[in-house]
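There are 2 protein chains.
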Amino acid sequence: MDWLNSSIATLRKALDAGQVTQGALVEAHLARIAERDGEIGAYVHVDADGARAAATAPVAGLLGGIPFGVKDVLDVAGMPCEQGSVIYKGQVPPFDAGSVAMLKQQGAIVLGKTATAEFAGTAPAATVNPLDTARTPGGSSSGSGAAVAAGMAVFALGTQTGGSVLRPAAFCGVAGFKPTFGAWPVSGMLPAAQSFDTVGAIARSAEDLAWVHAAMMRLPAPGATGDLPVIGLCRTHLWDTLSALSAGAVEAARELLSRAGAQVIDLPLAPGFAELTQHRAIVNAFERSGNTACFGAELDRIRPESREVFSRGESIDGETYLVSRRALDVARAAVDTLFGEAGVLLTATVPDVAPSGLEKTGDPRLQELWSTLRCPSIAVPFGHAPSGLPLSVQLVARPNEDALLLDVARQLEALREG
Amino acid sequence: MDWLNSSIATLRKALDAGQVTQGALVEAHLARIAERDGEIGAYVHVDADGARAAATAPVAGLLGGIPFGVKDVLDVAGMPCEQGSVIYKGQVPPFDAGSVAMLKQQGAIVLGKTATAEFAGTAPAATVNPLDTARTPGGSSSGSGAAVAAGMAVFALGTQTGGSVLRPAAFCGVAGFKPTFGAWPVSGMLPAAQSFDTVGAIARSAEDLAWVHAAMMRLPAPGATGDLPVIGLCRTHLWDTLSALSAGAVEAARELLSRAGAQVIDLPLAPGFAELTQHRAIVNAFERSGNTACFGAELDRIRPESREVFSRGESIDGETYLVSRRALDVARAAVDTLFGEAGVLLTATVPDVAPSGLEKTGDPRLQELWSTLRCPSIAVPFGHAPSGLPLSVQLVARPNEDALLLDVARQLEALREG
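For the protein sequence lines, the chains are R and V, in the order given. Under full-length UniProt numbering, the first residue of the first sequence carries the number 1, and numbering increases by one thereafter. Under full-length UniProt numbering, the first residue of the second sequence carries the number 1, and numbering increases by one thereafter.
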């Protein structure tokens, strides 16, 4: 049995049935990390002893015995939390982040900390894409995407302020879920821009993500899926930025959902939504510069990409920020109307496969649109380019409709395997 | 000149004119702390050396030379941050909270950390009300309210999840301001319940708070006030909980605003808003229990009031939480309609003067209603009970209308001084 490519449901059954032990699962992951992570650089800290010790407890809880990774902007008690920056070198928090603690309470086992772009921003981590080491894994949750894709964790926590969970998931060929703004615990998370920051997760499938969401929200284990709601195909004002391959993946997903009986309708974005990209950039820079105002004396040791955002933010006055904040509020109030009859939107996750080069983590605009609107969103792997690199489609739901979103994503996965 | 009772505008002018030095101002505050804080217990940590060192820099910035206190759930680099709890004993963060850093950038000088209820919750700090030491100062920003009221800081930062800024301000006879949700930087703040947590401030006047807001938001110094908008008198479903004195203060404020030419209209809350108290309690407990899930092993060392909230939160399932989250979203979407023609609402801050006893910090419901709706709100001292204890009225604006709110509060203050 390939324990490194099994679903959480399969693993939980095997653990309960004694077909595998937590210890064996942890060792298999540690061995894979030893074998592959020298090249990939997904982890910045591996806690082999801690994971082995946790594996001696009885298997209990929704995620009992499931090994996971934690993006290094989320605290794990006793492990360094360095935020992808030299200025946090050696900082060790006393307590787990709320999100980590909720998963531990459900029996999940921390393997270590995964690499992040500096401050969950744009200065890339030293992680490569496991599917092609000359390509970016995406970011800022770069290590979480790469770790899951390379079988070095069953799932991994990330954070998304723009597109930092869904983009690495898409580029690494795995699934990435950003819940509704504020739904998962936020303690022990480095704030980036408070209007958008959301803890999320990356896993091999939407089904696995439904298990993680259940653990985080005190919901029962995922059950049978329901009827497909009306699906709104939303091309957005960014459709022109898509490669034919990415656009084709969305059209293919539409076709599958339609053949499965879903009513699929076209949902054009109202013109005002196109301006969100601009307003979001202003709010993001202003808030990041406020949250990091304390780095003044350390500024030389911060990477140029981060410095550039902070100084852009510092140059924005409060009135300009408020104009953009108000514009975001207006757009959020229009989300319900945008969805209309549709329960879930179908759109693109990324413009194309992972770009070559490691200097940039890719274009966040397609993902960040929905972070800006505080909607839950999920990236579902969907086909491959002729090069073999993965493609992805994005599903989006109204705020607080995370369960519906995960349900539809699971059905799309099943149809894809169909 | 009484430097311990002067406005920020007066102090800034005196500093620029060389009538007082930053050093003298810091020494005056340290002397007052030495004289009074043994009895009051507003500070949990005073950094005399740091404040003296900061006072040697040239006076510069909007708040150049103004000494302030920081609630002990907000980080100040190099000072302990103990969250009102023994389990954080001796923790020293490496960087300032974003809010603290923004104020330092504008020249303000940190005097020390002010006492907080445990985790900004309900287990009271060891602070007494400076106006009557047998009474609560309110909470959870207890030390911030008491420090300002006793002349031990020009202003102090607080945080509000329910009523933690406005209530201590009201009970201590000073002004307290909670900005729009998410407007001030949040880094370095202990999360309590992420749907509501907001950094705010307490000062002797709304005018001083307008200066702090300007520094935090990169806005110009407060200028002349504008025309009074339509004022909506909103008695809320909690009007019956008010003493005749508190209700009388609101009516007196209405009268003054009306005589000054403002149109004052009655704005009853729609029936749905009355349920917010209940829904807010569910969201608050659920989120607090998630954010503090990491305290499991330390639970015995946590105070009973905090434990009670956490275990209540743990007993709430995700579906129940979501029902309440959705109800809050519906109410927030109705805020604009609630205000209607009114630019600012007038209502009560607290049911009565500060209650006797130190075991409880008072009733949060009148303040938390507006935190729940993410509106900016301000407590303005307004008259006194026959006992001499201060009364207070609350003004509230639509989200992002903080400037209008502060403007009206400054006018109400001026009218009150007659």
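Everything labelled a hint here was simulated from the structure, so no lab data went into it. Among the clues, some could well be false.
For chains that are exact copies, the list does not tell them apart, and a pair is met inside one copy or across any two.
[Stated by the list, open to error] Only pairs whose alpha carbons sit at most 20 Å apart, straight line, appear in this in silico SDA-like list of lysine to any residue: (1) Lys-89 / Ala-77; (2) Lys-360 / Phe-273; (3) Lys-89 / Arg-301; (4) Lys-89 / Gly-78.
Quick rundown of the hints versus the structure:
1. Lys-89 / Ala-77: both (15 Å within a copy, 16 Å between copies)
2. Lys-360 / Phe-273: neither (26 Å within a copy, 48 Å between copies)
3. Lys-89 / Arg-301: within (11 Å within a copy, 30 Å between copies)
4. Lys-89 / Gly-78: both (14 Å within a copy, 16 Å between copies)
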